[in-house]
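Given next are the chains, with one letter for each unit.
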Amino acid sequence: MPGRSTSRRALLRGALFGASAAALTPALAACGSVAGAVSSDADIQFWHLFSGADGALMQNMIADVEKRVPELRPRSTVLEWGAAYYTKLAMASAGGRAPDVAVMHVSRLAGYAPGGLLDPWDLDLLAEFGVARDELNPKVSALGRYDDKPFAIPLDTHPFVVFYDRDVMDKSGLLDSQGKLIPLENPENFLEAAAKLRKDTGKLGPVVGVFSDTAQAWRLFWGFYSQTGGPFDLSEKKPRVDEDKMAKVIDFIKKLTAPDCRTMDYPAAIAAFTTRRSPFVFSGEWESATYRGSGIDLGAAPLPTLFGRPATQADSHTFVLPHQDDPDPARRRGAHRLVAEILTSSLTWAKAGHVPAYLPVVESKAYAALDPQASYAPAADHPALDPQAWFTGSGSDFQARMCQALQSAINGSASTGSTVKKMLSEIDFFLSKPNPA
Amino acid sequence: MSTVPTGVRRTAAGRSRRTGPLFVAPFLVFFVLFLVVPLGWGLWMSFTDSSLTGRGDGAFAGLANYAEALTDAEMWSSLGNTAVFTVLSSVPLVVVALIMALLVHTGLPGQWLWRLAYFMPYLLPVAVVWQIWLMLFQPGQGPLNSMLGAVGLDGIGWLTDTKFAMWAVVLVTVWWTVGFNFLLYLAALQAVPDHLYEAAAIDGAGAWRRLWSITLPQLRRTTGLIAVLQVLASLKVFDQIYLLTRGGPDGSTRPVVEYIYDTGFTGYRLGYASAISYVFFAILIVLSIAQFRLFSRREA
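Line order of the protein sequences matches chains A and C. Going by UniProt numbering, the first sequence wraps up at 437, each residue one higher than the last. Going by UniProt numbering, the second sequence wraps up at 300, each residue one higher than the last.
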């Protein structure tokens, strides 16, 4: 039947034409938009991992920069923090499509700088835009150096601290005359105070939520272990650690969590504190906005020094220049300028709870008036960053695996001894792998 | 005998010979571009030490990755977890689906409601499933633990205790995906000819006899299909486990696909991750062939 075959051919031709037209249309539209508003060569591509309360503040800071310096056109891309963020960053740098500037935890530097995934900063250029080298927290600045070059410019330090309800703590005699936590010098001291608190109030003692979280248990452990001064060296094939001190800390954590929060997860601990079922919570300072909003007479302090010397698990958000084979000088300048502008206006950042790395802000009267931020600012002087290795740091698999081992100890399904062994075997696993960075 | 003159037939055949490939061309392009090429590329990578960061020189490593994989205790334990999950999940996913289909088919009133209720979880994206169950499993005062508490039992660390985590993941998976198998069974049940039941009823067969001698044998082909699809789906489990436990506690739920992901994307070792993928691929192929053989023999 000739009629049918003609129509089939016509149909085919029509379909092919339609398909090619459909394929062309978006391409043409894209041409238009590239020339238009979506992005241009002058834009500074900025990747970061802040969402929630910090995310909103970062967005404000960037909007302010745009107002102050109209020729600087930052385009921020917000990605979810964690392992996936760091994978994307590594792939973007390796694949030659890196953003102009990105945020990175300084604890991840060891996995990025040695492999050439980052470019060093030009401190003179930064000074030209108003941030002199001695105006940045020297401790975290030093951590951002590799091969004697500055690869990470710190924005803040974010320590793991304690928050408490001043009213309740005061009634139990746990505050001094200035409303600060009285020094509790060893684990026994602390546990006694916790028991007294529980008895006086008829409520929960100190809480910490370690379940359904890939870092919290490790933060708690690492802060206290660092206080013991024990070694935790992962630079050789065999880890060098003090197993007795590890056991001592794990024992303490078990006793600390046993009565009130043996199975408590991260959101439940926050809820216990904000609904006043517990007057004391171990927490990242980044939750301070949440706590402030609950109407509690909020106090805060660095992690209590129970094992000899002050130390607090901490990390630092830093700015890095993901490697570009042939960076555009104007955009590099723009990246430096953007970072300088954000740093000098980081009082806004302090409102999120973080301790700014830009010293003129921390030393200002306005910062001292921020409560309770100012009261845990000293924690930034004793930051315990993750042990140095390519596989450690915030959002790493290492932290997640350490947490899983610790969680088994906390929920009572593993003994202290077997937990230490488990942590060491996990470390052995990482050390047995070749460094891919 | 055809009445069409041979000349006409030849041109028609020639035309279809030309247009046929044109119709399948779009699929072929995608198939080659997104399956054959990556498959070959992955195989090549498994013989190199290439790294995601692009810094590994990607040098040819021969069989080193495979040798490492075969002695890697973590790979074997994650393969073991995958096997355990497959056994624990496949059996209920077939049996429960069958029971649900039989219950609905035997004429419960309000059939549409049961069909909808059983199938609905399957329509949910994994991210929603994860949120629902994370809440139900919450340690401390979560709904499931509260129920246990109400009958005087201790709360369970559903996702945090090595004894229970895998069971919890299986529970979520069955709840989420059983609806699909249920639908396949329901369709098969509706295709069983009524006259078989009528004949059996005339011969005086009771309900059990009809189930064993008519329904189940008639469903054999469907059961074979479901079993094959289910085992393959369970072996490839990743998303719900990644979201619920990230493979924990203590790696007790980490399936091999997650180990591949961790090795390649957070450990950056693409070459080694490819090698494990191919080891796993080989296992999948062997299992599939074995299963097809098993069921086709039964058919014959």
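These are computed hints drawn from the structure, not numbers from a lab. Treat the numbers as computed from the prediction; the structure is a model and nothing was measured. Be a bit skeptical, because a hint or two may be false.
[To be verified] From chain A, some residues computed to sit far from chain C (all C-beta separations above 12 Å):
hint : residue
1    : F50
2    : A56
3    : I62
4    : N186
5    : K199
6    : T228
7    : F232
8    : D265
9    : R276
10   : A289
11   : R292
12   : S364
13   : P378
14   : D397
15   : R401
16   : E426
[Said to hold, decoys possible] Here are some chain A residues pointing at chain C (derived, C-beta under 7 Å):
hint : residue
17   : A42
18   : A90
19   : P259
20   : T263
21   : H382
22   : S408
23   : N411
24   : L431
25   : S432
We put the beta carbon where it would ideally sit given N, CA and C, even for glycine.
Of the numbered hints stated earlier in the document, which are not met by this structure? Numbers 8, 14, 15, 16, 17, 19, 21, 24, 25 - these are the hints that the structure violates, sorted from lowest upward.
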